[in-house]
Amino acid sequence: MTALIELTGITKVLKGQQQPRTILSGVDLAVHPGESVAIVGRSGSGKSTLLSILGLFDRPDAGSYLLDGQDISRLPERKAAKLRSSHFGFVFQRFFLLKHLTAAQNVSMALVNGQGWLPRRARRARVLQALEQVGIAHLAKNRPARMSGGEQQRVAIARALVREPKVLLADEPTGALDIETGTAVIDALLAATTRGCGLVLVTHDRDHAARMGRTLDLVDGVLTQRVNA
Amino acid sequence: MRRLSGRFRSALIIGLQGIRARKTRTLLSMVSLFLGVLAVVVVQAGASIANRALVSDIELAMAVDGTTIIGMPMQPKATTVVLDTVHGRSDAVAMLGLQAIIGEPNVSPVNPGASPFDEDWGGGMVCYGNGPCEPSTTVAPPGQAVEVRLTAMTGDVRPFRPLRPQTGEWLEFGTVPSMAPRLVVNLEAAKGFTRYKVPAEMRIGGAAANITPQFVGVVDDGDMQPRAYVRLDELTAWLPTANLADPNTGGEMQVLVAPGSPVEQVLTAKLKGIGSETWVQTIDAKKERENELKLFRLVFLAMASLVLLIGVAGILNVGLATVGERVEEFALRRAVGTPRMLLAGIVLAETLLTGLFTAAVAIGVSAAGLKAVTVVLGDSEPFLQGMQFPWEAGVAGIIAGLAAGVLGGFVPALRAAGIPIATVMRA
Numbered sequence: 001m002t003a004l005i006e007l008t009g010i011t012k013v014l015k016g017q018q019q020p021r022t023i024l025s026g027v028d029l030a031v032h033p034g035e036s037v038a039i040v041g042r043s044g045s046g047k048s049t050l051l052s053i054l055g056l057f058d059r060p061d062a063g064s065y066l067l068d069g070q071d072i073s074r075l076p077e078r079k080a081a082k083l084r085s086s087h088f089g090f091v092f093q094r095f096f097l098l099k100h101l102t103a104a105q106n107v108s109m110a111l112v113n114g115q116g117w118l119p120r121r122a123r124r125a126r127v128l129q130a131l132e133q134v135g136i137a138h139l140a141k142n143r144p145a146r147m148s149g150g151e152q153q154r155v156a157i158a159r160a161l162v163r164e165p166k167v168l169l170a171d172e173p174t175g176a177l178d179i180e181t182g183t184a185v186i187d188a189l190l191a192a193t194t195r196g197c198g199l200v201l202v203t204h205d206r207d208h209a210a211r212m213g214r215t216l217d218l219v220d221g222v223l224t225q226r227v228n229a
Numbered sequence: 230m231r232r233l234s235g236r237f238r239s240a241l242i243i244g245l246q247g248i249r250a251r252k253t254r255t256l257l258s259m260v261s262l263f264l265g266v267l268a269v270v271v272v273q274a275g276a277s278i279a280n281r282a283l284v285s286d287i288e289l290a291m292a293v294d295g296t297t298i299i300g301m302p303m304q305p306k307a308t309t310v311v312l313d314t315v316h317g318r319s320d321a322v323a324m325l326g327l328q329a330i331i332g333e334p335n336v337s338p339v340n341p342g343a344s345p346f347d348e349d350w351g352g353g354m355v356c357y358g359n360g361p362c363e364p365s366t367t368v369a370p371p372g373q374a375v376e377v378r379l380t381a382m383t384g385d386v387r388p389f390r391p392l393r394p395q396t397g398e399w400l401e402f403g404t405v406p407s408m409a410p411r412l413v414v415n416l417e418a419a420k421g422f423t424r425y426k427v428p429a430e431m432r433i434g435g436a437a438a439n440i441t442p443q444f445v446g447v448v449d450d451g452d453m454q455p456r457a458y459v460r461l462d463e464l465t466a467w468l469p470t471a472n473l474a475d476p477n478t479g480g481e482m483q484v485l486v487a488p489g490s491p492v493e494q495v496l497t498a499k500l501k502g503i504g505s506e507t508w509v510q511t512i513d514a515k516k517e518r519e520n521e522l523k524l525f526r527l528v529f530l531a532m533a534s535l536v537l538l539i540g541v542a543g544i545l546n547v548g549l550a551t552v553g554e555r556v557e558e559f560a561l562r563r564a565v566g567t568p569r570m571l572l573a574g575i576v577l578a579e580t581l582l583t584g585l586f587t588a589a590v591a592i593g594v595s596a597a598g599l600k601a602v603t604v605v606l607g608d609s610e611p612f613l614q615g616m617q618f619p620w621e622a623g624v625a626g627i628i629a630g631l632a633a634g635v636l637g638g639f640v641p642a643l644r645a646a647g648i649p650i651a652t653v654m655r656a
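Chains as they are written, first to last, in our numbering: chain P, 1 to 229; chain E, 230 to 656.
Chain P with its partners taken away, still in its complex shape (with noise of 0.2 Å):
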């Protein structure tokens, strides 16, 4: 089967005021569709930054990176921008919502995004479709404030899944969560890979990291294959 995502030989150095730093070096990683991968490390150890190349915020200074067995290591930025709409959804650890607006705005905001446009009817079907699949149509109108922790992290969710994502990319989504909380968004994330949608899920916690198909650590800027016990 052909990989979603294929990265090669992946490298970035930090150049700053002092001396340039090493933060992803040769790094290698193939993600299926449907394939769920946590990736563990201490911070500090290029995990973001990984995440970041993946998803199109950064650009690599080494290897190449495929996407649908496409070379886009090199994409202009209005390339960069289409992609990330049409084929990746994120969820970082805050959940980065919009406080003046609902849970369903807030999960319309990825599809009024200027690529492409949907009629009002249908930009609210798919809305509240998402909505439903993490398991919260009925707070569809409420505003973040009006929600638990959970409930938001469902939104921001949502908000990933809107555009039927091909890969998921989750930055400690669990970070701000309690336990149980922490599970039930895992959960969500793990359904949407029932649908053939590829999971990278950065994460500290070991548990979360276990009920991923694959776990890589990543130790100074170099990902290692990890045996789930």
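Note that these hints are calculated values from the structure, not bench results.
No residue lacks a Cβ here, since even glycine has one placed at the ideal position from N, Cα and C.
It is possible that part of the hints are untrue.
In the EDC-like style, the derived pairs of lysine to aspartate or glutamate whose C-alpha atoms are separated by at most 20 Å in a straight line are [as the list claims (entries may be wrong)]:
hint: 1; chain 1: E; residue 1: 501; chain 2: E; residue 2: 481
hint: 2; chain 1: P; residue 1: 99; chain 2: E; residue 2: 554
hint: 3; chain 1: E; residue 1: 426; chain 2: E; residue 2: 347
hint: 4; chain 1: E; residue 1: 420; chain 2: E; residue 2: 449
hint: 5; chain 1: P; residue 1: 99; chain 2: E; residue 2: 557
hint: 6; chain 1: E; residue 1: 252; chain 2: E; residue 2: 554
Which chain P residues stay away from chain E? Per the calculated CB distances, all over 10 Å, these [as the list claims (entries may be wrong)]:
hint: 7; residue: 11
hint: 8; residue: 141
hint: 9; residue: 166
hint: 10; residue: 181
hint: 11; residue: 187
hint: 12; residue: 191
hint: 13; residue: 211
Reference listing, derived: stretches of chain P covered by chain E, where coverage requires no fewer than 3 residues with Cβ under 8 Å from a Cβ of chain E [as the list claims (entries may be wrong)]:
hint: 14; region: 29 to 35
hint: 15; region: 74 to 81
hint: 16; region: 109 to 122
Given the coordinates of chain P, work out where chain E should sit on it, guided by the hints.
Structure of chain E alone, referenced to chain P:
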């Protein structure tokens, strides 16, 4: 095109959401911009109204823009040529100026020489019971008579000179001529007839008999002399065409010709043929007045622009502060695929909408102000009657609002577009 439309709609939707989310800030931006836009609207409206007032005075006293006025002394031959040429035409009207005295016979009028009633210009004439008139240098006792300038017309003059009806009705040219000529007098003449109770008996030099006129209406013609308007065909029943040019009173004839009419060429050629002196003038009041007002308008617009700039600085300030607060939102929007251009568009849409709302408020306030002024001063200032808010001022307000929105939103838009996407990762 479709993509542009989608982005435009997206920018509009998100911009409106942003405005609704930050109502107080939007209000503050509007307040800072309001005076500037209002100043532009008021200057533009003032200039348009002043221009209209000046032009309307000229239209009233002379003719509407584009009309050609052919003037000539009233001589028997010239009169015949003019009347023959304009007969039955709607694109040209001849106006013959005569002197008439209405009131008691054998007396000097209260206003010799058709002077305004509160002034004495001297001159004039006195007419006797059986018709003949002579200059009033021949002493006659003063009595109850009013002297007016009588304008006899071959057709309806109002398409050329929009005389303002005051009371009664205007002359009807489509009916059978009346043997009792119908007169429409101007405001000054109406003042005289109100002040002095005179018999309705009109004497004109050269007339076969005294005429009993019917007063049918009053108009404002902008003339300070008492004047009466009459249908020429009703007058000629009593005053033969050959006698229209009275050697005692002289008189002047004018032909008002619509733009593009062949009458001007035909008439000037014919009059030249009989050796009559003519003078031709084409009214171009708007252009002349606009040139006069241009400097004033520019000076005031420059001052208004300065006030507007202060408003722009206000929008800019609020815009930069808002973008600073919304860094995460913009980074997140980029993360979900929003292009940089659209981010800039969102910020610009917000400032443009703010500018448009402000313009709408400023235009509304100006229009309401103008309405109030017309209600309060409309009776004393005729040009204000029926005055509509000038659309040019509305357009200027919208342009000022949009320009302020672009100027005030440009830098914040650039800043929003440049927010690094990784901000959401590091948060």
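**OP:** Against the earlier hints, flag every one the structure doesn't satisfy and list their numbers going up.
**Re:** Violated: hint 14 alone.
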